[in-house]
Amino acid sequence: MNILYLLIPIGVLFLGAAIWLFIWTVRSGQYEDLEGPAYRILMDDDDPKIPGNEKKDEKQKEE
Amino acid sequence: MLNCYHCDLPVLPSTDYKVHIKGEDRPMCCPGCQAVAQAIVDNGLENFYQFRTEKSRNPQQALDDVLESLPLYDRPELQKDFVKSEAGQLRQASLILEGIVCAACVWLSERHVMSLPGVTEFRVNYSTRRATVKWDDDRIHLSDILKAITAIGYIAHPFDPSRQEKIQKQERSKALRKLAVAGLGAMQVMMLAVAMYAGEAQGMDSDLRHFMRWVSLVICMPVVFYSAATFFISAWRDLRYRQLGMDVPVSLAIGSAFLASVWATIYDTGAVYFDSVTMFTFFLLSGRYLEMMARHRAGQAAEELVRLLPVTATRVIDGLEEVVSAAELQVDDMVRIKPGETVPADGVIVEGSSSVDESLLTGESVPVTRLPGNDLIGGSVNAESPLLMRIVKVGEDTVLSSIVRLLDRAQTEKPKLAQVADRVAGWFVGIILILAGLVAFYWWQHQPEQAFWITLSVLVVTCPCALSLATPAALVAATGQLTRKGLLITRGHALETLAKATHVIFDKTGTLTHGRLKLQEVISLSGVTKTELLNIAAAVESGSEHPIARAIIEAAVDKKTASKMHATTGCGIEAEVNGKLYRVGKPDYVADLNGQTVTHDCLRQAKTVIALADESEPLALFVLNDVIREDAQETVTAIKDKGISVSLLSGDRQVVVDSVADKLGIQDALASMLPAQKLQHIQALQKRGEVVVMVGDGVNDAPVLAAAQVSIAMGEGSQIAHASADMVLLSEQLPHIVDGITMSRRTLIVIRQNLAWALVYNLVALPMAAMGLVAPWMAAIGMSLSSLLVVVNALRLTYE
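Residue numbers (this note's numbering), protein chains in the order written: chain Z, 1 to 63; chain S, 1 to 800.
Misleading hints may appear alongside valid ones.
SDA-like, lysine to any residue: derived pairs with alpha carbons at most 20 Å apart [as the list claims (entries may be wrong)]: (1) S/169 with Z/10; (2) S/586 with S/329; (3) S/174 with Z/29; (4) S/174 with Z/28; (5) S/166 with Z/31.
It should be emphasised that the hints constitute simulated quantities derived from the structure, not laboratory data.
These numbers were taken from a predicted model, which means no experiment stands behind them.
Go ahead and model the full structure; you've got the sequences and the hints to work with.
What follows is the structure, encoded as structure tokens:
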């Protein structure tokens, strides 16, 4: 069981890392909008009709 | 029936508005929708129509009023309130977006605004309907950006995030960080605790146990000193003010359990309670986090109602007109007020005569005639023809400001109901502390070495976790449910108080009625069909902003064109339609055209009647009325069924008020009430011990709203009414008030059940702990289960 004397402190280090990561996500505002990003990914940004997108692929045709 | 492709309103058969979208001509209901849809297509964003999951809002009303005031936002003196300047000409502002109904709206507005030259960033937060925009002021102005947003059918107005939202954002992220530390800490400590419990049963190497205790102590430290610091600080504050709040026993339990565990760890004796300490902190923090989120969301919705939109005025200097913000006006300035505009300050008419709608201030639904030399009250709306006004009073001296002062006074005099939880908490805490003291004293006398541990387990077992979650959990669940329905709760106490309501008072105009005139009946006096008569009248009235004219135009099916229009203020309009001369207006004025006076029953009733005639004979009478909301009857009956009395207080004339009260079955109706009289009436009721709920919408209702124990403002009502109300009925559906009362009563029942459960649990656990029969793990499990039960019970409120 001696290995526990090593594994438990490592667990504590991981805990510290997890807390640090979480605090970083909070600081960077990732919990400010919980609904929007889910939809954002579905919207088509590369429609050739949008000004600025004309040069992009022509084969992306309207359905 | 064809519906508009953009906003889904019915398309009138006589109109022909179309936009080519996705390979087909799509019908549009109005020029507003057509313009918006065209703008969307022109910018290559027609995929919006494929993405969206809700129909868009009709943009029509918004366009004209808003566009005119937009250039004001470019003024530096106004921008300093909400614009942040960065390097060079880079500026940043926060916007509230109205009309965002689904995720596709976010996509549409982001694409559209980002395509403007000079805009460097535009990001919409879908949950809060807020946007941040960054732009280069050399290349584009804020007003252009706002115009672009208006062009695709949304309304954007800047707001000042530093006021409240910035603080809330910090509060939220701080709470989330504390919650994370407590949650992750609790999991780790629990893991070690389970190992130690197992070790207790199976036998464990004492060195290993000692080591695990030390590790638990290390993990527990940030939880106690960082996460739980909130409780210690507020408990200290409570004690300084000599109060016993919920945080005092919470801190006592956390503090003593932690210190005892540290002692036990260092000297390797007794029991450790690190798991209880961290779990308890985590549970309490999550309860408070949810409560805070609900509060913030309500706050955000309330902020949307208070717009930063400047009230504009057209100032005339030496014959030159310029648009300025109303705040810049001085006494003796000359101001031009066009039809449909709001009077910016108190003053006297110098030139022109018109009908003025003072319903916002007086509750009177029909506009009054104002001639040169007459007073104008700031906040009233010019309904008919242009006026030139000399300003007499600005700022603090205006009638509007005096109402605001009345409001402040009413708010401070508002009677308060003690809240259940606070009362319970007070004596619960007292009793626990006394009992803990007695237990300590008893064991000190008999077994001094056990006294500390047993007293501690008393404190941990009676840990008021369930008790302190009982009320917030129920309130959060109920508030969320009601907000989804469209009844927004802006003040915390409102739900508890609403459950105890004994008397509901309604305002008339805009609350029980729609607040605007509607055509009720057409009486044909000749052989012509009613539709035809209505069309002629609508044509004659087509140039007028008067509410009567609006009502007739709204009711007409087909629009003819009129020429040679001539209006006589306070009387009516004369115009030619298809080469024939017609008059529409007051019966006397109309009768002058052909010399024939009309007599009809409806002229003697308490209704607004206007006549139509040509040069040879009277043609028709139109009966107009401020129509009672369709759901008013049902609401009044439902409230009465709950054993609550209903009254009607209005500033309007006796006859009008009586007829509404009769129709709705309200016995107690008082008319011609000034704001101060309404206030007195409510205070008299409150002296008799009644718990009064006031439902109103106008500026004149604001002081009364503030004085009532619970006040509900209509969503379309004035800003000042919103600000003084405890709840805002955003849905404009009166039956939701009944739902609110039902929900508040259910909430109170749930709160009582929760409190009862928490007390019963404590009553059972306390004697056992006092006798020294409760092991630490039992205490921890009991605490968790009782909290869980309370939360689950509260969640019942979210199901119908």
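Taking the hints in turn, this is what the structure says about them:
1. S/169 with Z/10: 34 Å, violated
2. S/586 with S/329: 36 Å, violated
3. S/174 with Z/29: 12 Å, holds
4. S/174 with Z/28: With a Cα-Cα distance of about 13 Å, the restraint between residue 174 of chain S and residue 28 of chain Z holds, given a limit of 20 Å.
5. S/166 with Z/31: Within the cut-off at roughly 15 Å; holds.
The structure shown violates the earlier hints numbered 1 and 2.
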